[in-house]
Structures are given as C-alpha cells and as structure tokens.
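Chemist: Construct the entire structure; sequences and hints are all you get.
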Amino acid sequence: MWNFGSLRRFGEAIALVVVGYFVLASTVHAAAAANPKLAAIIQKATQEAEIVYQGPDPATSLPTADMLRDMELVTEKYFGVKIRVKVDNALGFPAATTKALTEIKSGAPPTYDLMYQTVVSGAPLYADKAVEHFPWVELFPFIKADDLEWNGQALINQTLFVQPAYNKNLIKPKDAPKSWEDILNSRWKGKLGLLIYPDPWLVLSQPRAWGEEKTFAYLKKLIELKPKLGRFPEVHERVVSGETPLAWGQHRERTLYARDQLGAPVDNADDVSPALLWINILFVPKGARHPNAAALVGAAMLTKEGQELQLKYQVATSMYSPDTPAAKFAAKRKVIKPDVEFVIEKGPALSKKISSILLGK
Amino acid sequence: MVKKRSAALFPVLAVAVGGALLILVPLLATGWISFMVGVPGYGNYTLSNYKQVLLDSFGYRVLLNTFQFALGSTAMALVVGAPLAWSVARTDFPFRHAISLLLGMVLVIPGFLQAMGWALMLSPNIGILNRLLIETFGLEEAPFNIYSLTGMTFAQGLSLVPPAFFILLPVFQGMDSSFEEAAFLSGAGKLRTFFRVNLPLAAPALLAAAIYVFVLAFALFEVPAVLGFPDRIFVFSTMLYFLVHIQQGTLPEYGLAAAYGSIVMIASLVMAAYYSGLVKQGRKYATITGKGRRARILRLGKWRSLAFSLVSVYFLLALVLPMLILFYYSLLPFFKLPSWDAFSSFTFKNYVNVYTRQGLRPLINTGILVALVPIVVVLISTPISWIVVRSRLRGRFVLDNIAFLPLAVPRIVLSVSLLYLALMGRDLIPIYGTISLIVIAHIIAFMSFATRTLNGMIMQIHTDLEDAGRLCGASLVRVLRKVTGPLLKPALFSAWFWVMLLSFREVTMAVMLSSADSMVLPAQIWVLWNRALPHDAAAAAVLLAGIALILMLVTRRVIQRLSTPGGF
Numbered sequence: 001m002w003n004f005g006s007l008r009r010f011g012e013a014i015a016l017v018v019v020g021y022f023v024l025a026s027t028v029h030a031a032a033a034a035n036p037k038l039a040a041i042i043q044k045a046t047q048e049a050e051i052v053y054q055g056p057d058p059a060t061s062l063p064t065a066d067m068l069r070d071m072e073l074v075t076e077k078y079f080g081v082k083i084r085v086k087v088d089n090a091l092g093f094p095a096a097t098t099k100a101l102t103e104i105k106s107g108a109p110p111t112y113d114l115m116y117q118t119v120v121s122g123a124p125l126y127a128d129k130a131v132e133h134f135p136w137v138e139l140f141p142f143i144k145a146d147d148l149e150w151n152g153q154a155l156i157n158q159t160l161f162v163q164p165a166y167n168k169n170l171i172k173p174k175d176a177p178k179s180w181e182d183i184l185n186s187r188w189k190g191k192l193g194l195l196i197y198p199d200p201w202l203v204l205s206q207p208r209a210w211g212e213e214k215t216f217a218y219l220k221k222l223i224e225l226k227p228k229l230g231r232f233p234e235v236h237e238r239v240v241s242g243e244t245p246l247a248w249g250q251h252r253e254r255t256l257y258a259r260d261q262l263g264a265p266v267d268n269a270d271d272v273s274p275a276l277l278w279i280n281i282l283f284v285p286k287g288a289r290h291p292n293a294a295a296l297v298g299a300a301m302l303t304k305e306g307q308e309l310q311l312k313y314q315v316a317t318s319m320y321s322p323d324t325p326a327a328k329f330a331a332k333r334k335v336i337k338p339d340v341e342f343v344i345e346k347g348p349a350l351s352k353k354i355s356s357i358l359l360g361k
Numbered sequence: 362m363v364k365k366r367s368a369a370l371f372p373v374l375a376v377a378v379g380g381a382l383l384i385l386v387p388l389l390a391t392g393w394i395s396f397m398v399g400v401p402g403y404g405n406y407t408l409s410n411y412k413q414v415l416l417d418s419f420g421y422r423v424l425l426n427t428f429q430f431a432l433g434s435t436a437m438a439l440v441v442g443a444p445l446a447w448s449v450a451r452t453d454f455p456f457r458h459a460i461s462l463l464l465g466m467v468l469v470i471p472g473f474l475q476a477m478g479w480a481l482m483l484s485p486n487i488g489i490l491n492r493l494l495i496e497t498f499g500l501e502e503a504p505f506n507i508y509s510l511t512g513m514t515f516a517q518g519l520s521l522v523p524p525a526f527f528i529l530l531p532v533f534q535g536m537d538s539s540f541e542e543a544a545f546l547s548g549a550g551k552l553r554t555f556f557r558v559n560l561p562l563a564a565p566a567l568l569a570a571a572i573y574v575f576v577l578a579f580a581l582f583e584v585p586a587v588l589g590f591p592d593r594i595f596v597f598s599t600m601l602y603f604l605v606h607i608q609q610g611t612l613p614e615y616g617l618a619a620a621y622g623s624i625v626m627i628a629s630l631v632m633a634a635y636y637s638g639l640v641k642q643g644r645k646y647a648t649i650t651g652k653g654r655r656a657r658i659l660r661l662g663k664w665r666s667l668a669f670s671l672v673s674v675y676f677l678l679a680l681v682l683p684m685l686i687l688f689y690y691s692l693l694p695f696f697k698l699p700s701w702d703a704f705s706s707f708t709f710k711n712y713v714n715v716y717t718r719q720g721l722r723p724l725i726n727t728g729i730l731v732a733l734v735p736i737v738v739v740l741i742s743t744p745i746s747w748i749v750v751r752s753r754l755r756g757r758f759v760l761d762n763i764a765f766l767p768l769a770v771p772r773i774v775l776s777v778s779l780l781y782l783a784l785m786g787r788d789l790i791p792i793y794g795t796i797s798l799i800v801i802a803h804i805i806a807f808m809s810f811a812t813r814t815l816n817g818m819i820m821q822i823h824t825d826l827e828d829a830g831r832l833c834g835a836s837l838v839r840v841l842r843k844v845t846g847p848l849l850k851p852a853l854f855s856a857w858f859w860v861m862l863l864s865f866r867e868v869t870m871a872v873m874l875s876s877a878d879s880m881v882l883p884a885q886i887w888v889l890w891n892r893a894l895p896h897d898a899a900a901a902a903v904l905l906a907g908i909a910l911i912l913m914l915v916t917r918r919v920i921q922r923l924s925t926p927g928g929f
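Residue numbers (my numbering), protein chains in the order written: chain A, 1 to 361; chain B, 362 to 929.
These aren't lab readings, by the way, just hints derived from the structure by calculation. Ideal Cβ placement from N, Cα and C applies to all residues, glycine included.
Here are the computed distance ranges between Cβ atoms for each label pair: (1) B:Val-674 <-> A:Lys-178: 45 to 51 Å; (2) B:Leu-740 <-> A:Ala-49: 38 to 44 Å; (3) A:Glu-308 <-> B:Leu-671: 55 to 61 Å.
Cut-off 35 Å, straight-line C-alpha distance, at most; resulting in silico cross-link-like pairs (DSBU-like, lysine-lysine): (4) B:Lys-697 <-> A:Lys-168; (5) A:Lys-168 <-> B:Lys-710; (6) A:Lys-346 <-> B:Lys-412; (7) A:Lys-226 <-> B:Lys-412; (8) A:Lys-105 <-> B:Lys-412; (9) A:Lys-312 <-> B:Lys-697; (10) A:Lys-172 <-> A:Lys-337; (11) A:Lys-337 <-> A:Lys-352; (12) A:Lys-82 <-> B:Lys-710; (13) B:Lys-697 <-> A:Lys-220; (14) B:Lys-412 <-> A:Lys-220; (15) A:Lys-328 <-> B:Lys-697; (16) A:Lys-77 <-> B:Lys-710; (17) A:Lys-332 <-> B:Lys-697.
Modeler: So, in structure tokens, the structure goes:
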C-alpha cells in the first residue's frame, strides 16, 4: 500500500529526473548552439538516422536488443537525435578489419558505420589511413586527449586489464601468484592455462615495459611448464572447471563478472604487477554511409551514462573516464599500455616470433 | 548423329556446366589470392606464400599430424559407417528406421561442444571417467588423455560416421539381392557375403566415402581446436585459424591460408583422379538392371543382438553422452562437475537469453538456408553426376573434379574469395551482405557431397534401362525424369537430407559472410561461445538439435522409406 510519504518521494524523484533531463538537454543544446560544427553533425545525423555497429553482443546475459536500445537512448539524451543502432557482430575482429579495408579499397562504403576493435586488431585500418577524422576534443566537451588513440582518430571506450586468474576452490588466495615471475614456479607445471594471442607479449616487449629480451626469455620458460593453450573462452572455462586452476592471463573484468554475478569460484591475482592493458576503441571507418550518426553514438559511449552502459553490458569501462571501476583500479596499479606505433612497426615480426614459441615451431 | 546426341545432351550439360562454373569462379579467386599478400584483391603479387608453405618445417609437421588425424578418423568413420549402412539397408536390424534420424542428430551437435564434452569425460585432470577409474582401481595417473592426437582422432572419428553412412546407404540399398542369394547358394555365410559380395560391389562408393571423409577431416576445425590446441598439437585447420585469426597488428594472412588451401586442392585432385579411374569402370558395378530387382531383407539371426549392442555403444558415445553433457551444460550458470550442488543450480535462463539476444531473425535465416540449399544442390549435382558417370563426353571427369574441389578448400578461404567476388560484382548482382551469398556459398561447398552420393548410385543403374527409354523415343531429359530419377530416389533423398543437415549446422562460412540481417543460428552459437558465454551457446545448440529433430520427425515417413530396402 502506498502512503503519502512514498508518493511524495516518487514525485520528487520524477521531478528530479525531468529537471535533470531538461538541464542536460539545455546544456547539450547550448553546446550545440555554441559549437556550429557539432550542430552541423547533429543535423546530418538526424538525416542519416541509423548506423550499423560492428560490435560485440553483451558479455553478460542481457539481451542485445536492450543494449542497442540503451545506446540509442544515451545518444538521444545527449544530442537530441534519434539514431537506430543495428549490430553486426558475426566476424572476429581481424576478419571485420579485413572486410572493411577490402570494401574501402574497392571504393565501396564499408558495411560498418561504427567499428569496435582492440587498438591492435584494427591497426591495419589506421595504418592504411582508412579512418574518418573527427575533431573529437573540439566537438565534445566531455572528451579529453587521453580518451583518444590512433593519433586522435579513435575513442577509447573500454580498457581491460590482463591479470592472472585462479580457481578459488583449488588455490587459496595466499597461494595465488604475487608476481609474473611467481607463475614460472614449477608447481604450476601442467596446471596453467595460457592465451594464444600475441597481444600481451607485444605489450611486454615494448621498451618501456620488459623489452624484447626479457619477454622472450620469460615466454620460453613459461612454455616449459606445458601450459594448456586456448582463446579467452576456453582458458576461462578451464579455470572455472578446475582443469587448469591458474590462467596466466585473463581479462580481469570477465573474471570479476563470473565471480560476482554468476558465483563461479574464480578470482584475480591482483597483486601481480604491472597489469597489462587491453584497449577497446570505437571509430568511424572511412567512407561510412552514416558517419555523423556513428560519431554521435561513439561519442555518447564516453559520457557517464555511456560508461555505465558499457559496464552493464560489457562488464568493462575506460580508465580514462573519471570514477569508473577501471579508473579506480588503474589509480592503484602500475599498468602498461600498448603503443600502437610500436605495434605497427614491430608487431608483424614480433607476432611471428611469439607465435613460433607458442606453437612450438 | 554426334550433333543429334550433343543436342540431346544440351539441357543436362548446360545445368552441369553452370554448376561447375559456379564452383570454379571462387576457386580461381582462391588461387589468385594465394599469390597475394595484404588486402585480398588489392595486395602485392608474390610467390612468398608458396615459398613459406613449401619451406616451413613446422608446416610439414602439421601436415603429418593432419594426415594421421584424417586417416585415423576416416578409418573409424568407415569401420562403423559401412556395416551400419549395410545393416540398415539390407538386414532386419532392429530400429533401423531410427538410425538415419539418430545419425542426423549426431551431425547437428556443434563440434566444439562435442569436444568439450569429451574433455569433461576424459581430461587427465578433471575427466569424470578418468576420476572414476583412478578411484576404483587406485591408479596413480589418469588412464586416458583426450588432449592427444589419438584422443582427437577418436572424437572426430565418431562424428564422421554420419557422412560415411549417408554416402553408402543408397548404394547398399541399390544392390540386387540376387547377388547375395547366389553367394548363399554357393555356401557363403552372411559375414563372408558381406565381405566378398557387398563390399566389393560398393567399392567405388566406399572409395568416394573414404576420399570425402578424409578431405573433410583435413579441414575440420572445432575438435582439433578444443582438444589439440591446449597441448600444441596442430593440424592443418588450427594452423590456418592461427594465420587468419591470431595475427596482430597486420591483416590476417589470407594469402598464405589460400596457398595452403591450393596445395590441398592439388592433393585432392590426385585422389579425385584415382576415383575417376574407378568411375570409368562403372559398368562393373552396375547392379540395377532391366531384369527386375528384388529387395530382400537378410535375417541377421544370432548376429542381431551383437550388431545391436555395437551400434548402441556407438550411439552412446557419439550421441547420448554428448547430448547429455550439452543439456547439462545448458542448464548451468557456470561450470560445475555433476553434484547435488550443480543440480540445484539448474536454470533455464540460458534458453531465455538465446531468444532475447537476437530474436527470431537467425531462425528465419536458417530456415531459408535449409529450404533452398539442399534442393538447388540436388538439382545441379544430378546432371553433373549423370554426365560424369553416364556420358562419354571428353573431359567429363573435369566436371567431377571441380565439384569435388570445394571440399579441399578451407572454408574460411572460400568465404574470403566469395566475399571479395560479391563485393566486386555488387552492382551487377547485389547479394553482398545478404542471406543469398550464404546460400551460394553453401551450394558450392556441399555439391561435393551430393555428387559423391549420386555418382555411386548412378553407377549401379545399368544403362540398359535408360537405353530402353531412349529407344522408345523419349528425350534425354524425359528419360532422366521418368527412368533415372525414380531409380535414384534413395540417393536423391539421401543427398538432400544430408545437405540440409550440413547447411543447417555450418558455422565457418556463415560467420564470415553474415551481416546484421543475415545472421544464422550456428553463427550465433559461435558468437556466444566466443563471448565466453558457453552455457548460452550450449542452450542454443540444444535448441538447434531440437529443431533438427523436429525437421527429421516431419520427414520421418520419407526417412523410414529411405531405410527400407525397395522403399522408394
């Protein structure tokens, strides 16, 4: 039974939301009015009205349709324009990059208007100058230089941390590794899961991290422990099932989700430092059919609500957005970020070398 | 006379050549891409891909692994599949009507989930069976290790029985029982008759099945990925996956993958040439003549119980256990070994998620695929097989080899070629990004199966029957429609049924070619798996299997006739 007090509180809440909406809307409209370039983009986006988003389904069990609806709502809330977001997520990241690049080279508009890639997997598009330029910082007051990658062409919407993960039923927290070197202990022989991706090793190979020599020496020792190789889903499942009680690296956020939301007996070895950064970005490929609408949707993902949406559906946020879980974790840790120029210059050769060791060539 | 004959052949030849061209164009594109590095179609021309293929010692090691894996799983598929097909086609084997249906179910369970199921059973660390044996017999270490070449071969061999079965079934059914009766009259037993009469008569079909399954095993990815990757046992497909999916900072090495594919294509051509030699001697294998044919059921007698037990063991391993594990997996929020705690955490949420994620679109698209692909494949494959086996046209075996080749090309490479061609021709034929492109890809890829099935059966039909029709004044098309077609019914249905299932569960091409509007159910399962949502993926796979079961139940009368000697 509702009493007067609860009705009043409900009324107050509604009023607050309405006032908040109008304040925000007026701020955005004021910003748009004050920024003719933004106003022009909004006007064009209104005509474009939809985008094809190359991005993943939710990492949680929430419906894809809800995620797309919320992306539309956040965009509408900030820019006053209704844009329909269609998702196209069947391909893996490298294949989507090739598809877009092939289309662009053939003179066709790319299938995707807004692309979601890792800073490394999409690098061929950046290297081939196949990314639309938007003066993001100039256009959107909430975007800072730190939020950008690829020389200011891509928006960082998520930063994930690669950390060891372990099965709590089989490894006590006090026995979990405290450093990357701890994992080389022979006690983990045959009990270790290892990712097949070269990414973490490319990050560690950077001169500002371990450098190539130390990285390769470490990797060779690690391989002697006969780790079970796999992609993220297989390595994660093996830790959950206890088949390999320790994973050399997993996305910290996914482990937390499995622990907190599903109740799985897994945890991160958070003492291990430095944490390796895995950066997910949003960008508009060159010649996209709906570039302005895509830019608005992409920018909206860096707002406070956009980041809440990322957390809700992708269990990840950007450490460059204030007060996000990623920012709070990064504030207390040493993290190593991938340097895209290094990846473009040295990535192909290093990847082959890393693959040789991983594959046992 | 020659002119008249060519004119009569024209309609059949036109369809066959059209089908061959449909296959040939993307294959040529594959060859083209193999000479490139960089963006497919826009990179630099080079021989470096072939140089790497031929000089890389790792490649040879992988090839040796692949050879052992493919040979072992093919042997297993034939050892189980051939007697099973014979039992269903020729004997009073109990519940034989259900065998085709059950084998169809084996086929639709996604390979990576089957492999995960085997890992849960036979992993040295957590395998349920290993743990049971260790505890029961006080062993020091696990007796089985599924993460080995033998383990992979075993798991893959079980799932390759259906293709061998579906290729051989119509052939055994087409055999005239008078051959067997003659053997019995000469004092041969049932086993001796099977080995000395049935098997030799089915030799071309056996060889076709062996080549088909062998080449198929060469390209299969899911089982080696789950069971081979962990201990770095690489086969051809997992190496290609590495080249195409795991390169960092550069584009995937499609050129190198295409070069590997081209080498396998050449190897397949050698095998296909040997097969063509057998087809040339086709008359030797003709068992369906104009003299009338009796389809008699052989009584297995004392062998019946043994045969039933062996088949039950197969289905227990290939279907019941994987399905149970799949179902169990689909009900869990996260993985737990079977226990009361695990049972109490069962939830149907994963099933709800499957629907709410994508709605009905993947289901509708999958429906379009299974409605169109098998019919078109059968319509194109029949003229190709007829020309290859029946006509005396020069170069007819080229048609057969072309139809066979797509099997040898890694599907990921075939998809890239098609993607590129569709992109180039998008103004002329606007199929890029639509379900039509996936339909075409499936038609190309699955023609090899249909032609293998139909070749074997056409060889069994004696030319006298068609000659009689022609002498009565019927056109070639009419003879095909009124004489050959009805006699081919079991093979036509077998090809249709099998292609439908293949199309229903195909993942690789669907993943590469689908877009927002053309997502299909198997691609959705793959996406879920990749998003580290294996329980949602398992739920989608159970639904996929459920839909397959409904499809098969709807067509059960035809399946029953398929399993009945003389049923068609």
